[in-house]
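Here the structure of chain A is known, so what remains is to put chains B and C in place on it, guided by the hints.
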Amino acid sequence: MLLVDWLYVGVFVVVGIIMAALPLAIVWLLAPRVDYPQKYTTYESGVVPFGQAWAQFNVRYYLFSLVFVIFAVEVIYLYPWAIVFRQIGKYAFYSMTVFLVILLLGLIYAWRKGALEWV
Amino acid sequence: MGQLAAFIVLSIVTLAAAVVVVGSGNIVRSALSLIPTFLGITGIYILLQAEFVAGIQVLIYAGAITVLILFVIMLTEHGSGVRFRQVNEQVPLGMIVAGALAAFLIATFVTTAWPTSSGALPQYTASGVGTTFMTNMVLVFEATSLVLLVALIGAIVIARRER
Amino acid sequence: MVSWPLEILKAIGLAAVIFTFLAVVAAMFGVLLERKIGGWIQSRLGPKHVGPQGLFQTLADTLKLLQKEHIQPRAADRAIFNAAPLIVAVAGLMSWVVIPFGTLGERVLVVRDLNIGIVFFAGMASMTVIGILAGGWSSNNKYSLLGGLRSASQMVSYELPLGMALVAVAMEAGTLSTVGIVRAQDGWFGSFVFRQFPAFVIFLIAATAEVNRVPFDLPEAESELVAGYFSEYTGMRFALFQLGEYGEMFAMAAMTATLFFGGWKGPILPPLVWFLLKMYVVVFFLMWVRWTYPRYRLDQLLNLSWKVLLPAGLVWILITGYRITF
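Protein chains in written order, with our numbering: chain A, 1 to 119; chain B, 1 to 163; chain C, 1 to 326.
Don't take each hint at face value.
Which stretches of chain A does chain B cover? Using the computed rule of at least three CB atoms under 8 Å from a CB of chain B, they are [to be verified]:
{"no.": "1", "stretch": "83-96"}
{"no.": "2", "stretch": "101-111"}
One-sided and incomplete, this derived list gives chain C residues near chain B with beta-carbon spacing under 10 Å [stated by the list, open to error]:
{"no.": "3", "residue": "Met124"}
{"no.": "4", "residue": "Ser138"}
{"no.": "5", "residue": "Ser153"}
{"no.": "6", "residue": "Thr175"}
Honestly, the hints are just simulated from the structure, not real lab data.
None of these values were measured; they are calculated from a predicted model.
Heads up, the beta-carbon is just placed ideally off N, CA and C, and yes, glycines get one too.
Excised from the complex, chain A in its bound form (with noise of 0.2 Å):
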C-alpha cells in the first residue's frame, strides 16, 4: 500500500507540472507579442539599471542558514521520538530531555555570540 500512497504524490508532481504551465501556453497562443529593446530592461524604479543584481551579499543570510540547518536536523530527530516516547516510557523523555538540552545550549551560545542579531 505504501507504493500506491506515493504513486499519488508521483503523478501529483507530473499532472501539477502540466496543469500549471497549461495557462503559460494559452497565453502563448492569445497574448500580443510587441518588441522593442526597452520593453526587456530591467525594472529599477524607471531609471536605466546600473551594475549587476548578482553582487555579494550579507554574510548574516550564511549564519542564519547554517543555525538553521542544524536546528532543522535537530527537528527531524524529534519526529521519530515523539510518536513513540509514549510506549518507551521515561526512559525516552530523560534522554530525549539530554538531546533538547545540548541543543539549547547551543541555541544559547549562538544567542550570546550575536550569531542571531541582525544589525
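Structure of chains B and C alone, referenced to chain A:
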C-alpha cells in the same frame, strides 16, 4: 514492472540533474540542479520503502542544504553571475580515473554475493526509527546532539572570524 | 492486489480535481474574499461591478492575465526564470495531498493518508522557498534578489517553530498521519487547540510567516521592494506565483483546522462542511490580521522566530513530554 519503470525514471532524473550540477557553467544553476537530484534520490528511498528517510531527504537536503548552498554562493563576490569554464587540461586524466572507479564499482557489484532475504521487507517507518533510537542506539542518538552542537559552535566561530 | 493503471488514472483524476479546487476555491475565491474583507475592514466596498456583488472579479482578472504578454528581462536567467513559478505553484498543490477533507460513510476524503503526513507537509512548505529564491535570483533585479533572499531567510527561520508545533501535535496524537491526528481528537474539548494551545499559537504565527503574509510580508513589501521576488514577472507567471501563495495559505489554514480544530469532526452538519467552515475561519483570521497590522522589520521578525518561538517550542515539547510520560 512498475517498480522497475519508476526506478529507471527516477535514475534518469537524478543522473540528468547531476550532470547539470557538474557541467553547468553557472554556479547557481548547478546549485538549483541539486534539487531534482535530491528529489530523484527521495523517490529511490521511497521505492526501498524507507519513507521516513525520504522525508529527511526532502526536508534536510532539498529544503535546507540547498538554501545554505545558495546563500553561500550569494555571499561570494560576483560569484553568482559569472560563467565558469567547467573543463581544463586535466579532463583526460579525470576521465581515466572516473572510468577506472566506475569499472571497479561495477566489478564489485557484479561479483559480490548479495545476501537476499525472503519474506516481508523490513519496515523502516518513523516509529521503527524512533524505537531504535530510544533503545539500542540511544548513545549514538545522544552523540548526534553533541555533533550538532560542535557543528553549530564551529560554524559560528568561523563565520565570525570572516567578518 | 493493486491494479496499477487504474490507480494511475485515479491519481490523475484526483490531481486534476485538487488543482482545479485550488485554482477556483483558493486562488480565485480567495483573492475575491481578500479584497471583500479588505474593503469591509477599511470601510469601502471592494470589487462590485463584475457579476453580482463583484463575484466574478477574479475570473475577469484571470481572463485579463491570460491575454497579457509575457515579458522576460534580457538580463534574466531564462531557464530558472521560467521554472520558478512552476515550482511555487506545484509545491502549493502538493501540500494538499495529505489534507483530509472529510468523510463519506466509512471512507476518509483524503488524497492519500501518508504515514509521514506532517513531515511531508513540512517538506513541501520548504520546497516553496526554493522556488522563491530561484525566482528572485533569476530575475537579475536588485529588488527581486533582495526580496528573494529576505523571503528565504524568513521562511527557513519560521520552518523551525512550524516543525516544533507539528512535533508537539504528533506527540499528543502519537502518529504522523493527518487522518490519525484528526481521529485522536475526540469531542469538543478533545480538540488539540485546548491541550496544545501554545503549539497552536506557535503554528499560527509560523504559518503566517511561512506564507509571507502581513505582518510578515516584508519580502514582497510593495512599498519598498516593489513586490519583491516577483517584480519582474508578468501576466500568467505572476498569477502562478499568486496561485502557489494562496494555495499554500489555504493549505496552512486547512492544516490548522486539521491539527488543532479536529478537522472534519463536528455535530449535525456533514463533515466536509465542517472542514471548510473551520478552514475559512482560519483564512478569515489571516485576512483580518493582514488588513489590521503593519509590517515587521527584518530584525524584529528574525528575533521573534529565533529568540521567542524557537525556545518556546523546545520548552513546550519538553513540557508536553513530561505531562504525557508522568
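### Query
Which hints, by number, does the structure contradict?
none
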